[in-house]
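The residues making up each chain are set out below.
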Amino acid sequence: MPSTYTPIASSTVSGSSTTTVTFSGIPSTYTDLVLVSRLRVTKTAVSNDDVLVTLNGVNTGNLYSATFLYGTGSANGSGRTTNTNTGFWLFPPAANATAGIFEINILNLMNYANTTTFKAGVSNSGSMSDSTAIRSMVYRSNAAISSIALGTSSGTVYFVEGSSFSLYGIKAA
Amino acid sequence: MPILGVIASSISGNLYSASYDSIATTTVGAGGVSNITFSSIPSTYTHLQIRGTTFGTAAASGSMLYQMNNDTGSNYRSHLLGGNGSVATGYGNPSAETSGRFYGYYDNLSNTSFPLVFVMDILDYSNANKYKTVRTLSGMDKNGANYGEVFLYSSVWMSTSAVSTIKLFCGGQNLGQYTQFALYGIKVA
Chain A
1 MPSTYTPIAS
11 STVSGSSTTT
21 VTFSGIPSTY
31 TDLVLVSRLR
41 VTKTAVSNDD
51 VLVTLNGVNT
61 GNLYSATFLY
71 GTGSANGSGR
81 TTNTNTGFWL
91 FPPAANATAG
101 IFEINILNLM
111 NYANTTTFKA
121 GVSNSGSMSD
131 STAIRSMVYR
141 SNAAISSIAL
151 GTSSGTVYFV
161 EGSSFSLYGI
171 KAA
Chain B
174 MPILGVIASS
184 ISGNLYSASY
194 DSIATTTVGA
204 GGVSNITFSS
214 IPSTYTHLQI
224 RGTTFGTAAA
234 SGSMLYQMNN
244 DTGSNYRSHL
254 LGGNGSVATG
264 YGNPSAETSG
274 RFYGYYDNLS
284 NTSFPLVFVM
294 DILDYSNANK
304 YKTVRTLSGM
314 DKNGANYGEV
324 FLYSSVWMST
334 SAVSTIKLFC
344 GGQNLGQYTQ
354 FALYGIKVA
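Protein sequences, first through last, are from chains A and B.
For the first sequence, counting from 1, position 165 maps to 165 in this note's numbering; every step adds exactly one.
Each number in this note's numbering comes from the position in the second sequence (counting from 1) with 173 added on.
Since the hints were made in silico from the structure, they are not lab data.
We put the beta carbon where it would ideally sit given N, CA and C, even for glycine.
Treat the hints with caution; some may be incorrect.
Unchecked claim - Sample of chain B residues at the chain A side, in silico, Cβ under 7 Å:
| # | residue |
| --- | --- |
| 1 | Y193 |
| 2 | D194 |
| 3 | S247 |
| 4 | G256 |
| 5 | A261 |
| 6 | G265 |
| 7 | V290 |
| 8 | V292 |
| 9 | L296 |
| 10 | D314 |
| 11 | V329 |
| 12 | M331 |
As the list claims (entries may be wrong) - Label-pair distances were calculated between CB atoms; the ranges are:
| # | chain 1 | residue 1 | chain 2 | residue 2 | range |
| --- | --- | --- | --- | --- | --- |
| 13 | A | T60 | B | N302 | 26 to 36 Å |
| 14 | B | N208 | A | P7 | 53 to 63 Å |
| 15 | A | G71 | B | V361 | 36 to 46 Å |
| 16 | A | G100 | B | V361 | 24 to 34 Å |
| 17 | A | T44 | B | A301 | 32 to 42 Å |
| 18 | A | A45 | B | T262 | 40 to 50 Å |
| 19 | A | I104 | B | V361 | 34 to 44 Å |
| 20 | B | N243 | A | G57 | 44 to 54 Å |
| 21 | B | P215 | A | G25 | 27 to 37 Å |
| 22 | A | P7 | B | G317 | 55 to 65 Å |
What the hints assert, rightly or not - Once the Cα atoms are required to be at most 30 Å apart in a straight line, the calculated DSBU-like pairs of lysine-lysine come out as:
| # | chain 1 | residue 1 | chain 2 | residue 2 |
| --- | --- | --- | --- | --- |
| 23 | B | K360 | A | K171 |
| 24 | B | K340 | B | K360 |
| 25 | A | K171 | B | K340 |
Bound conformation, chain B alone:
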């Protein structure tokens, strides 16, 4: 049967023409860290995106969480649509929480070899008139062991402050070696 082949690098140039920029990246070394924090985020973009590959440090577990501008008050709400390979679930905590959620319900970050990956969009992050909405697509398949999960999370930080700092962490353990989070800025022309 005919096979259509494409040689990579046959196209050059930038899709968004200087509107999707790499701002900062952190990669975790041996020993792990308690969190990854992006600070002094410039306000010159329209949206932010964080792309991450995550590992734990032990068999402990915990949900993946974030906080904006070092706000530890009960100013976050989260909702999820998730699947664990056998059950589809929609859930939202009825109470405000001290951090926003972007992974975890059936199981959590609980191993050191299978990557938990996510793409988080933070919309209109520098607008001083709106609460900040965060949408995350996240998943960690473990080849059937201790669940494999996929989530679409929405959350809100109930503050009109421009986001200048984002702290990402696991609620039950440290972030392990090879964890890599990258922050990007998206500018609308």
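If we strip away everything but chain A, and leave its shape as in the complex, we get:
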């Protein structure tokens, strides 16, 4: 059986001034992508738009939407974003969280290289600081995904040093 689940690229944030991490030149030779993120941001308090995932650099056309389910330890709920230009949202711990806590997010982007269907993914995430969540998401474009960017929601919010991102490719036989 052919072995797969291959590391494509990874990045770890150093310093205190990184606002965007971009994986570009993603080969089209895999079936699915898995992006494993360990992240935290410098925003004063967590909100629901702290980190945005953008595909192929596209931030026009209102092509992104997502549905999420979350639990905070004392409450639960479900929400949705529709017709957005800013990609999918992640909710990492902010500066008011206990030091050293990072969110783990595992994003599965399925059939990312095909050029005949919309691109969809599911993710699960969690941190001890605020919540655990699962998400479904769609990018209404038939274009193959060749780049993934994770950016903070404003130019004054930064990834905390030590935030790390790893991209893997899974190839079906």
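With chain A's structure known, arrange chain B on it following the hints.
Same frame as chain A, but now just chain B:
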């Protein structure tokens, strides 16, 4: 602001070093099919994972289901944690069912353009002393139309037989063109 860039392919090699293998893949052509079945699954792995992109064939609806080893008896139980964009729900059918569930509660597979995607883990599938537990993360966002949903499903096939066949299907319609299910084997060193 500084931007950290990574050029893909800057790293090579295998994460699990021959422990995550592609076993089989099925892609549905024009016209659709009633089910996708993986058979003669080797027992040489520790866990199985199925990764899927799913489309329907019509506006009909139906939950996504599975059966092991062609067992159509009432030997499956399922529980879900789900969200539809406004409501969070936990649910488990009080009765055993004739198939396991891995997507559907508020709405179901009901359109041909928005992909329903899932990652299903089948743990310790070849162990002859345990019932088989299945965990699935599944979702289909439809940009606000007719719900968008995300689920974490757990289910059990109440049999100690090793899993050698897995049938995946939709309870209300066929699987449409471009549906693709891929079976992987995970081996613990």
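Straight-line alpha-carbon gap K171(A) to K340(B), limit 30 Å: 21 Å, holds
Interface hint for D314(B), Cβ within 7 Å of any Cβ on chain A: Since the shortest Cβ distance to chain A is 4 Å, the answer is holds.
Distance restraint evaluation - T60(A), N302(B), Cβ atoms, bounds 26 to 36 Å: Given about 56 Å between the Cβ atoms, the range is violated.
Hint check: 7 Å Cβ-Cβ cutoff, V290(B) to chain A: Since the shortest Cβ distance to chain A is 4 Å, the answer is holds.
Hint check, V292(B) versus chain A [nearest Cβ-Cβ separation less than 7 Å]: 6 Å, holds
Interface hint compliance - A261(B) to chain A, C-beta minimum distance less than 7 Å: 4 Å, holds
30 Å limit on alpha-carbon distance, applied to hinted pair K340(B) and K360(B): 22 Å, holds
Assessment of proposed distance window 40 to 50 Å (beta carbons of A45(A), T262(B)): Because 28 Å falls outside the window, the suggested range is violated.
A301(B) and T44(A) - C-beta distance against the hinted 32 to 42 Å: 55 Å, violated
Hint validity - S247(B) Cβ closer than 7 Å to any chain A Cβ: 29 Å, violated
Minimum beta-carbon distance criterion (7 Å), M331(B) to chain A: 26 Å, violated
Consistency of beta-carbon spacing, V361(B) to I104(A), with hint 34 to 44 Å: 21 Å, violated
The structure is inconsistent with the numbered hints 3, 6, 9, 11, 12, 13, 14, 15, 17, 18, 19, 22, although it conforms to all the rest.
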